[in-house]
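> As given, the protein sequences belong to chains A and B, one line each in that order. Per the working numbering, the first sequence starts with residue -12, numbered consecutively. Per the working numbering, the second sequence starts with residue 4, numbered consecutively.
Don't take every hint at face value.
As the list claims (entries may be wrong) - No farther apart than 20 angstroms at their CA atoms in a straight line, the calculated lysine to aspartate or glutamate pairs in the DMTMM-like style are these:
| id | chain 1 | residue 1 | chain 2 | residue 2 |
| --- | --- | --- | --- | --- |
| 1 | B | Lys107 | A | Glu7 |
| 2 | B | Lys103 | A | Glu7 |
| 3 | B | Lys265 | B | Glu297 |
| 4 | B | Lys105 | A | Asp(-6) |
| 5 | B | Lys144 | B | Glu261 |
| 6 | B | Lys555 | B | Asp321 |
| 7 | B | Lys315 | B | Glu334 |
To be verified - Partial selection, computed: residues in chain B whose CB lies under 7 angstroms from chain A:
| id | residue |
| --- | --- |
| 8 | Ser86 |
| 9 | Ile89 |
| 10 | Gly92 |
| 11 | Leu121 |
| 12 | Phe124 |
| 13 | Pro386 |
| 14 | Ile568 |
Honestly, the hints are just simulated from the structure, not real lab data. Using N, Cα and C, we set each Cβ at its ideal position, and we do this for glycine too.
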Amino acid sequence: MKKTSKDLINFVISKKGKLERIKYFLKLFIYFIPIIFSLSSKHNDAEASASQAGDDIYPIF
Amino acid sequence: MKLNNNIFILGDSTSMTVGCENQMYPYLLSNKKIWSNKVKIKNYSLAGNTSSDIASLFFSKLKYEINTGDVVIIYLGNCDSASSEITKGKYNYYQHAINKFKLKIKLKEKKIKLKNKLNYFSWNNTFDSDIEKTIPSQVFKYNIEKVINYCNQKQVQIILIKASANENFLPGLGKGNFIFYKYLGLHDKISDRLEIDDPRFISALREHESNNYDKALKIYQDILLSNENINMSQEYPILVANNIAVAKAQKKLFEEAEYILKLLLNENDSRKEIIYFNLSKIYQLQNKKKLSLEFKKMSYERDDSLYRIREKYKKKLDEIYQENNKIAFIEMEKIIGQSNFIDHCHLLPKGQKIMADEILKKIKNKNLIGKHKSIIENSIYNPELYRGNYKKFHSYYKTFAAFSSNEIKELFEEILDETEKKIKIRKISSLSHRNYSIELAMKFYTRHPIYEVLEDLKINTPKVSSDIGRFPEYFLIRTIIPYLVELERIKNYKSFFCHEIFRSSDDLKKILPEEIKDSIDGYPHELNKKKDPERFNRIIKKCKDMLLNHLKQGSQIYERKKATIFWYFRETLRFGSHSRLTMMYDRVSLEYIGEALVVAFLIEKKMNLKKTSVVIKMKKHLEEIVDLHQKYCSLIHKNNYDKSDIDKYDSKLKALKGSI
Chain A
-12 MKKTSKDLIN FVISKKGKLE RIKYFLKLFI YFIPIIFSLS SKHNDAEASA
38 SQAGDDIYPI F
Chain B
4 MKLNNNIFIL GDSTSMTVGC ENQMYPYLLS NKKIWSNKVK IKNYSLAGNT
54 SSDIASLFFS KLKYEINTGD VVIIYLGNCD SASSEITKGK YNYYQHAINK
104 FKLKIKLKEK KIKLKNKLNY FSWNNTFDSD IEKTIPSQVF KYNIEKVINY
154 CNQKQVQIIL IKASANENFL PGLGKGNFIF YKYLGLHDKI SDRLEIDDPR
204 FISALREHES NNYDKALKIY QDILLSNENI NMSQEYPILV ANNIAVAKAQ
254 KKLFEEAEYI LKLLLNENDS RKEIIYFNLS KIYQLQNKKK LSLEFKKMSY
304 ERDDSLYRIR EKYKKKLDEI YQENNKIAFI EMEKIIGQSN FIDHCHLLPK
354 GQKIMADEIL KKIKNKNLIG KHKSIIENSI YNPELYRGNY KKFHSYYKTF
404 AAFSSNEIKE LFEEILDETE KKIKIRKISS LSHRNYSIEL AMKFYTRHPI
454 YEVLEDLKIN TPKVSSDIGR FPEYFLIRTI IPYLVELERI KNYKSFFCHE
504 IFRSSDDLKK ILPEEIKDSI DGYPHELNKK KDPERFNRII KKCKDMLLNH
554 LKQGSQIYER KKATIFWYFR ETLRFGSHSR LTMMYDRVSL EYIGEALVVA
604 FLIEKKMNLK KTSVVIKMKK HLEEIVDLHQ KYCSLIHKNN YDKSDIDKYD
654 SKLKALKGSI
């Protein structure tokens, strides 16, 4: 069955024991670390121009 | 309801369908009248696509489009083999979740800025090869298998192509400072175009290119002995040593050359693929065939800078085929010989035809077969798909500048706001503008002979955002089409320009993005204006100057080969991504001259300037030059780039200069 991020959060909330809930919240946090890490990575959007030559993964001059 | 079945192509530049020549295998497939009604060839191939990008695109977008009975063609591996500083890896659930999340929150994806810039004929002192990685072969396998497994579940037929590439091409051409290295057997003359902080290097290279090996060696050795005052990277002395070894080999001092190159192999910063290549050439000159082949193979396998599939990736494709008995497998090296390549990995039209026929043989679904042609639906994105950037090609590469039509109009009114006299003499190339992209676009226009002074821009003024975007050639094409349409309207005129160098308006329309086509004028308005012999003379003079300059350079085979990475993409957008004989010379300039002669001809006829003979003469010169290029390039390719053929071609071109 297809699981969405919402399903995962609901799954954690459905846990009744406090310890169990903390355990799953921690797991969920670890699950989202790569997402948070990826979103926080720096980008630089240069001005649109032909001066971007050589600044593409596949070069265009 | 019965669904229409389609063919999906997941590939890189080896499957891309752009440009006007339509020689790529997807075009050849679609043009056959063998498809049932409504079959579409949906092509997602773009230069730079790796298995990671394709897997990302597949699971984020394509999997919702694919139905039972469809065919998916996978032709990848050339770009996975090339290193990049942008990590591309397994398209696993984590990466999928990240990409989905970014899509869901509509995160505005920004282009990644690279540290290792590929400089245009200039030295990059900060190039660091350690920050670039290729996609590991097991990851390549993982990504492709993931797509295949999904298709198998959906009962979609997979045709997997085991790519092959040009084993005889020069290694190392895609990264860093390759342009400064001498390759044994490549007699390129580029020293006048190079920029480097140490002027002694240019002097040495100039002597080297003129075959003054002793003088060159003296300067190279001087650089190695006194290198303290110049702040150059560690790669610099290695480069100089490589060039010393090449000069020594050219002096037939093979043992010394071999010794130096082998020493360089121990250096961390040395470009191993280039060193192995030069060693292979030394052994070839010494008639040590086995050793030469061995080193050529080592050079190929060490080359992660060019887009050429390597053995470890080929092996993974074999494994995929062995583990998935349902897929159809095409092994290129078994059906297509090495003579079908001119550039690093793209097939000549003959090879494209073999490929198309082979694919047809593998298609099992009889519902796809009928009596119609099919349509190609091109969906191109960008080479950052893996990281969740799903911008379409023109948005990613900024084909359309961020200016409205009114803003562009105002900008150019300001630029053209000069006195009548000034407008006729002020060169476009001398203009500067506060917006650098506009300045660069205007400079680009002057590559075409119909743009020289400000008045030429007043006749055809930029008005749409693509005119000043990343590809200013779209402006040149957009403005030349009305002249070609007018020429084609009058039958006698068209038959006069029947040589293959003169493209039709339909050809040029194929190059333009759909969004631009509506802004093509219906008629060249300058033909309604008053007589202007100066414009005619200006075009003819620039055509002549360009032709003379073209001939003065002689054969450009070596230079074009070495600088492939600099011209490949732009020319691909014009011609298509296949290999072509016209790659061996500056075809674009000659086509621009052809277009300018059409404009001059129409002006002359409309205004009755009585100068038809001038156009005829120039047209004859142009056709002669193109025929000479085609004749010799075909011969040179056939004879495996023999130096004596290239020398003969060079002298023939230079001799033609005298006749103009």
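> Taking the hints in turn, state whether each one holds.
Outcome of the hint check:
With a C-alpha separation of about 29 angstroms, the suggested pair Lys107 (chain B) and Glu7 (chain A) falls outside the 20 angstroms cut-off, and the hint is violated. For the proposed pair Lys103 (chain B) and Glu7 (chain A), the alpha carbon gap of about 28 angstroms is over 20 angstroms, so the pair is violated. Annotation: proposed proximity of Lys265 (chain B) to Glu297 (chain B) holds, straight-line Cα distance about 15 angstroms (limit 20 angstroms). Pair hint Lys105 (chain B) plus Asp(-6) (chain A) holds up; C-alpha atoms about 18 angstroms apart against a cutoff of 20 angstroms.
At most 20 angstroms may separate the alpha-carbon atoms for a hinted pair to count; Lys144 (chain B) and Glu261 (chain B) exceed this at roughly 38 angstroms. Our distance criterion of 20 angstroms between C-alpha atoms is broken by Lys555 (chain B) and Asp321 (chain B), whose separation comes to about 49 angstroms. For the hint linking Lys315 (chain B) to Glu334 (chain B), the alpha-carbon distance of about 15 angstroms falls within 20 angstroms, and the restraint holds. Among the interface hints, the one on Ser86 (chain B) is violated; its C-beta lies about 11 angstroms from the nearest C-beta in chain A, farther than the 7 angstroms criterion.
Annotation: interface hint on Ile89 (chain B) holds; nearest CB of chain A at approximately 6 angstroms, less than 7 angstroms. Annotation: interface hint on Gly92 (chain B) violated; nearest CB of chain A at approximately 12 angstroms, more than 7 angstroms. The closest approach between the C-beta of Leu121 (chain B) and any C-beta of chain A is roughly 4 angstroms, which is under the 7 angstroms cut-off, so the hint is satisfied. Given hint, Phe124 (chain B) at the interface with chain A, is violated; its Cβ is 10 angstroms from that chain's nearest Cβ, farther than 7 angstroms.
With 7 angstroms as the threshold, the beta carbon of Pro386 (chain B) comes within range of chain A, its nearest partner Cβ sitting at about 4 angstroms, so the hint holds. Interface hint status for Ile568 (chain B): upheld, as the beta-carbon distance to the closest one in chain A is roughly 6 angstroms, under 7 angstroms.
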